[in-house]
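Visitor: Mapped onto the UniProt record's numbering, the consecutive letters of the sequence shown carry residue numbers 1 to 627.
Keep in mind that the hints were calculated from the coordinates and are not lab data.
Please note: incorrect hints may appear among the correct ones.
[To be verified] Cut-off 27 Å, straight-line C-alpha distance, at most; resulting in silico cross-link-like pairs (DSSO-like, lysine-lysine): (1) LYS292 to LYS210; (2) LYS425 to LYS413; (3) LYS127 to LYS478; (4) LYS171 to LYS346; (5) LYS318 to LYS269; (6) LYS395 to LYS581; (7) LYS345 to LYS257; (8) LYS318 to LYS141; (9) LYS269 to LYS345; (10) LYS210 to LYS257; (11) LYS254 to LYS227; (12) LYS254 to LYS171; (13) LYS346 to LYS478; (14) LYS141 to LYS210; (15) LYS367 to LYS478; (16) LYS254 to LYS292; (17) LYS227 to LYS117; (18) LYS478 to LYS235.
[Stated by the list, open to error] The calculated label-pair distances, taken between Cβ atoms and stated as ranges, are: (19) PRO400 to ASN172: 48 to 58 Å; (20) ILE299 to SER399: 43 to 53 Å; (21) ASN172 to SER547: 55 to 65 Å; (22) THR102 to TYR463: 40 to 50 Å.
These numbers come from a predicted model, not from an experiment.
Glycine included, every Cβ here is placed at the ideal spot set by N, Cα and C.
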Amino acid sequence: MEEKKFDVNSLIGFVLIGGILVWMLYLNRPSEEEIQAEKAKTEAAAQQQAASETAKKDIQLQEAVQELSAASTTDSLGLAKLKNRLGSFAYSGTLPSATSATTVLENDVLSLTISNKGGYITEARLKQLHTYDSVPVYLIKDGNASLNLQFSAENRLLNSQELYFEPTLTKNGENSVLTMRLKTNNDSYIEYRYELEPEEYMLGFSLTTKGLDGVLNTSQPMYLDWKFKGYRHAKSISYENRYSRLTYEYEGSKHSKLDPNGEDEELEKDVSWMNFRQHFFSSMLLTDTPFKEVALSSIDLVENEEIDTVYTKQYGAKMLLEPKAGGLSYNMNMYYGPSDYQIFKKYDRNLDEAMPLGWGIFGVINKYIIIPLFGFLSGFLPAGIAIIVLTILIKLALSPVQYKQYLSQAKLKVLKPEMDAIKEKFGDNKMKIQQETMKLQNIAGASPLKGCLPAILQIPVFYALFTFFPTAFDLRQKSFLWADDLSSYDTIAELPFHIPFYGDHVSLFPILASIAIFIYMMMTTGQTMQAQQQPGMPNMKFLMYLSPLFMLVFFNNYASGLSLYYFVSNLITIGIMLVIKNFIIDEDKIHAKIQENKKKPKKQNKFQKKMAEMMEQAEQQKKTGKR
Numbered sequence: 001m002e003e004k005k006f007d008v009n010s011l012i013g014f015v016l017i018g019g020i021l022v023w024m025l026y027l028n029r030p031s032e033e034e035i036q037a038e039k040a041k042t043e044a045a046a047q048q049q050a051a052s053e054t055a056k057k058d059i060q061l062q063e064a065v066q067e068l069s070a071a072s073t074t075d076s077l078g079l080a081k082l083k084n085r086l087g088s089f090a091y092s093g094t095l096p097s098a099t100s101a102t103t104v105l106e107n108d109v110l111s112l113t114i115s116n117k118g119g120y121i122t123e124a125r126l127k128q129l130h131t132y133d134s135v136p137v138y139l140i141k142d143g144n145a146s147l148n149l150q151f152s153a154e155n156r157l158l159n160s161q162e163l164y165f166e167p168t169l170t171k172n173g174e175n176s177v178l179t180m181r182l183k184t185n186n187d188s189y190i191e192y193r194y195e196l197e198p199e200e201y202m203l204g205f206s207l208t209t210k211g212l213d214g215v216l217n218t219s220q221p222m223y224l225d226w227k228f229k230g231y232r233h234a235k236s237i238s239y240e241n242r243y244s245r246l247t248y249e250y251e252g253s254k255h256s257k258l259d260p261n262g263e264d265e266e267l268e269k270d271v272s273w274m275n276f277r278q279h280f281f282s283s284m285l286l287t288d289t290p291f292k293e294v295a296l297s298s299i300d301l302v303e304n305e306e307i308d309t310v311y312t313k314q315y316g317a318k319m320l321l322e323p324k325a326g327g328l329s330y331n332m333n334m335y336y337g338p339s340d341y342q343i344f345k346k347y348d349r350n351l352d353e354a355m356p357l358g359w360g361i362f363g364v365i366n367k368y369i370i371i372p373l374f375g376f377l378s379g380f381l382p383a384g385i386a387i388i389v390l391t392i393l394i395k396l397a398l399s400p401v402q403y404k405q406y407l408s409q410a411k412l413k414v415l416k417p418e419m420d421a422i423k424e425k426f427g428d429n430k431m432k433i434q435q436e437t438m439k440l441q442n443i444a445g446a447s448p449l450k451g452c453l454p455a456i457l458q459i460p461v462f463y464a465l466f467t468f469f470p471t472a473f474d475l476r477q478k479s480f481l482w483a484d485d486l487s488s489y490d491t492i493a494e495l496p497f498h499i500p501f502y503g504d505h506v507s508l509f510p511i512l513a514s515i516a517i518f519i520y521m522m523m524t525t526g527q528t529m530q531a532q533q534q535p536g537m538p539n540m541k542f543l544m545y546l547s548p549l550f551m552l553v554f555f556n557n558y559a560s561g562l563s564l565y566y567f568v569s570n571l572i573t574i575g576i577m578l579v580i581k582n583f584i585i586d587e588d589k590i591h592a593k594i595q596e597n598k599k600k601p602k603k604q605n606k607f608q609k610k611m612a613e614m615m616e617q618a619e620q621q622k623k624t625g626k627r
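Let the sequences and hints guide you as you build the complete structure.
Guide: Structure follows, in structure tokens:
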């Protein structure tokens, strides 16, 4: 018998064949495009299968409804047969409301249309308001919003937006009440209840269940999913979009917001309200029992001003619900109306935090000074005149501060010859020049810091007004002179092209405001700016020209009411300065007083002493280093 030996050649052959097979498989591997195509084909097949299943269910539901319709409406056997085939909530498909019929709930300011299918609001119209092009303001229309209750029942995941509710419209005193019930039978149902008071944008809304203990699967999470796409309502979509933002309250009294640019999302705990804000309009959901967890999302739908976009933002809020022993019970409110501080404030639920009035001191100034004062003035004056009167009152209130600022500038102007003499005396010794200049300014009480402080004190007021005018609902569609809407830009000429950052139009109020700012800066700093220019410091003359240019370009697309304020404000400032210069401040008297002060011993405060000591030490070190 022949002895079997290990065949090296066979092993080599198998290895080579294996290598060739691996190489061929590598060469014939599907490309990334082919993989994606196959994936897309699989997904399409799955979607087709799902659509087929849905169609099959619809056919089953129609057959079941026909069976039940053929029998008596009190035929309990027929109803039981239907439930066995399609589940308890199939009863909703046998009701007379099992169509896409709607019910209207309205008062003098708000009209709401609620659909039987899904039981949610499919149209919300503000009856007394219009868009910039005279179209009625719709916050909800043509499927831009949905409200869906997602729950498990009888081993199935159900969505209320696909099921039919039975409507009942009644009266509760002067209030209109609409109940929408998703029934398993007459005594077991999910209910949405809407209650609208006269002259109110806020409506009561509740979500409750009854008799569903054996039907709802409470071990599975239940969600209330609210989706919303905000319609464009203003002339400048980029300007409107800048102030469109999702804001919310959580964990008691904390407030936050999502990023208005790009896409943003956040998972928050104990959310008590959320606002899908669209600049001058708000769509809100508020709850007495905070939602345990809410997934919030925002997507910016605006690319740029040149593209005529229908929507500004896409918002979403998926709220985790907590069933109690008796089922679901949430008392809530909905708000569809203006983003108006005065309206928000009356509800006493911190809704004013949904408005961009500025943080800290800026918001305080707006809430307790600017808004009440402007509300009072606009109550009996046209909006444009009210802005002018408001500006005058603010400038008068700040005139003592401005007087201090101008007085300091006048002292520096009087001291300029002496400061020039110090520079000439000490030549290149910058440390000594600075030291002697500070001594002179200290004696005269003319420190540049004293001139800056009054300007700094005015900044909170200026910034508060900067945030107030773009969000003041009282300015919306109010005209003044050539501006037809003080909440939007004014137009004196249309351009046949679009200029980046500037736009496709020319606004006059920003031009006037830029001229006024330039004149003001020339009066305050133009004469002495170059003379006081220090080495290494930025060119202040360039900044003097930059500010008006910035106003001209940046404010071309801003609210004309804001440009009107800056124009009038600078005119008044120029007038006050001329009065102070010609009738109040006498430069000769200031100079004489400074000379008297030089003869008196001048006490230094701690800061001045410390600065003097530091400069003396630096001077000594410099001398030591030279040795």
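Visitor: With reference to the structure, classify each hint as holding or not holding.
Guide: We went through each hint and held it up to the structure:
no.: 1; hint: LYS292 to LYS210; verdict: 22 Å, holds
no.: 2; hint: LYS425 to LYS413; verdict: 19 Å, holds
no.: 3; hint: LYS127 to LYS478; verdict: 18 Å, holds
no.: 4; hint: LYS171 to LYS346; verdict: 25 Å, holds
no.: 5; hint: LYS318 to LYS269; verdict: 12 Å, holds
no.: 6; hint: LYS395 to LYS581; verdict: 17 Å, holds
no.: 7; hint: LYS345 to LYS257; verdict: 19 Å, holds
no.: 8; hint: LYS318 to LYS141; verdict: 21 Å, holds
no.: 9; hint: LYS269 to LYS345; verdict: 24 Å, holds
no.: 10; hint: LYS210 to LYS257; verdict: 36 Å, violated
no.: 11; hint: LYS254 to LYS227; verdict: 23 Å, holds
no.: 12; hint: LYS254 to LYS171; verdict: 37 Å, violated
no.: 13; hint: LYS346 to LYS478; verdict: 24 Å, holds
no.: 14; hint: LYS141 to LYS210; verdict: 31 Å, violated
no.: 15; hint: LYS367 to LYS478; verdict: 22 Å, holds
no.: 16; hint: LYS254 to LYS292; verdict: 15 Å, holds
no.: 17; hint: LYS227 to LYS117; verdict: 16 Å, holds
no.: 18; hint: LYS478 to LYS235; verdict: 14 Å, holds
no.: 19; hint: PRO400 to ASN172: 48 to 58 Å; verdict: 57 Å, holds
no.: 20; hint: ILE299 to SER399: 43 to 53 Å; verdict: 48 Å, holds
no.: 21; hint: ASN172 to SER547: 55 to 65 Å; verdict: 59 Å, holds
no.: 22; hint: THR102 to TYR463: 40 to 50 Å; verdict: 47 Å, holds
Taken one by one, the earlier hints fail for this structure at numbers 10, 12 and 14, listed in ascending order.
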